[in-house]
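Line order of the protein sequences matches chains L and P. Just so we're aligned, residue 1034 is where the first sequence starts under our numbering, counting upward by one. Just so we're aligned, residue 9 is where the second sequence starts under our numbering, counting upward by one.
Calculated directly from the structure, the hints in this document are not laboratory data. Even glycine gets a Cβ: it sits at the ideal position worked out from N, Cα and C. Careful, some of the hints might be misleading.
Chain P regions said to be covered by chain L (calculated; three or more residues, Cβ under 8 Å) [as the list claims (entries may be wrong)]:
hint, region
1, 36 to 43
2, 59 to 71
3, 75 to 84
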Amino acid sequence: MNFISAGFRTLVYKESLRFWKVATQTIAAPILTAMLYLLIFGHVLEGRVTVYAGVTYTAFLIPGLVMMSILQNAFANSSSSLIQSKITGNLVFVLLTPLSHWEIFSAYVIAAMARGLAVGLGVFIATTWFAHLSFVWPLWIVVFALLGAAILGTMGLIAGIWAEKFDQLAAFQNFLIMPLTFLSGVFYSIHSLPPFWLTISHLNPFFYMIDGFRYGFFGQSDVNPLVSVAIVSGFLVALSLLAIRLLRSGYRLRH
Amino acid sequence: MTAIQISNVEKRYKSLQALGGVSLAIEEGEFFGLLGPNGAGKTTLISIIAGLIRPDAGSVAIHGHDVTADFRNARKKLGVVPQELVFDPFFTVRETLRLQSGYFGLANNDAWIDEVMHNLDLTNKADVNMRALSGGMKRRVLVAQALVHKPPVIVLDEPTAGVDVELRQTLWKFISRLNREGHTVVLTTHYLEEAQAMCKRVAMLKSGQVVALDSMASLIRRISGSQLMVNLSHGDLTDDLRHLVTHPETSEHGKKYSLRINEYAEVEQILTRLRTSGAVIDEMQLQQADLEDIFLQIMDKGTV
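Only chain L is shown next, with the shape it has when bound in the complex:
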């Protein structure tokens, strides 16, 4: 197993070049969307909602939007690349090569992380002017950004392998990724929820990604960040094992 083989590097480059060539759609558009969320929710709720003492709602919202952008775009990159390649048939160019399952998995996930983190950075830069943000634990910010991007890149890969039609992928995105993202505390603290939904939120792995990420900024969180990083890491390992198993078996790729 050679993670830095020329073949692996080429696939990372190709998957990155693919989204970079349409950066207006893949990077600029999601940054604009996140800014609209900030403008609308920030304007409506600023001064009405206080989540953490000494933290304005807009400041609270920005890390949530950054993380949401990272997650959604990491998922979009690997899933859309794979489903497009499957449906148009050009996935054969990758399947005919000596690339191993590990190399294919790692390349798709790394490129997905690159897009997710590029959009997240863009959202951060574009929104940071709207509120004063502190950086209490920068390392946690980086750790949760990387883990979140890797998890959603892996989920995108799994969805791309599983889906055989665009509407199946859309269903995966709309009925799984979107609810998990919006119910993860991007716009609120889960402690403002009724007890039932508070319990449900603790079953959502996305909640731990956003809560841990926000901890890096404010030094405050709903859950201990060590617990969050353990849960998120465990989730990443489980998903990675599943994705690699699917690739190795050729599930819906090699018939």
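Please arrange chain P on chain L, whose structure you already have, making use of the hints.
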């Protein structure tokens, strides 16, 4: 050395037996034809060789490397031109070829990429996006992609389907050169005249089974021989010649027969018999059997 060893390969799609125990050995340096009607299992077999489809039973090895257990080495030895006209719309021709080369670990391969593009008349399209190419040009890029890593075994699945004469000539010139240089070539095509012109040995598949496997010359000689067509304006065949008739017809001006002959010397004997019986030959034509005749005979009978 055996370039491709196919051993008892079976593949079933629900109730359809796509391949029923196919075994073939294609030697290094051969120009080998894989022929058969639609649905015979040719593309399934090629997809199994390429590792795109997994067989239910049996095995395939490329230069001794099993396509499943040792897929990395097997795929390095293999270049496949798929039948479907697929392309990645994000990239130019040169980017497409550089990426494909890179997947095989060849990061600095521009000299060979330029040579492949030159030989396939793609040089002036190098920086054109794949979307902007005609179907024929896309087909050339598919061929170029299969060759970027200089594979010793080249598999072409219907490479000239729907393309113009110019590409066919360009393609066959280049592929023939590669074959002369030692590359093994496996071809499937619906253009039997192409197979006859290019392939030294052929296998014919029918319903997932190999129904003929021989050298082209031997197949043509063994199965059909030649046809002597005679149109008789007066008289008829003598009884001792009737067993040679393959296609009896009645023409406007008399009786028309196609007679099977194995050697040219038989022509004189037949003409002598007809003259002595009083028959008058109005028209006569000698036709060499071709692959199409053989193909039709085999597909009719199901075996040689």
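* Asked: Which hint numbers does the structure go against, in order from smallest to largest?
  -> 1
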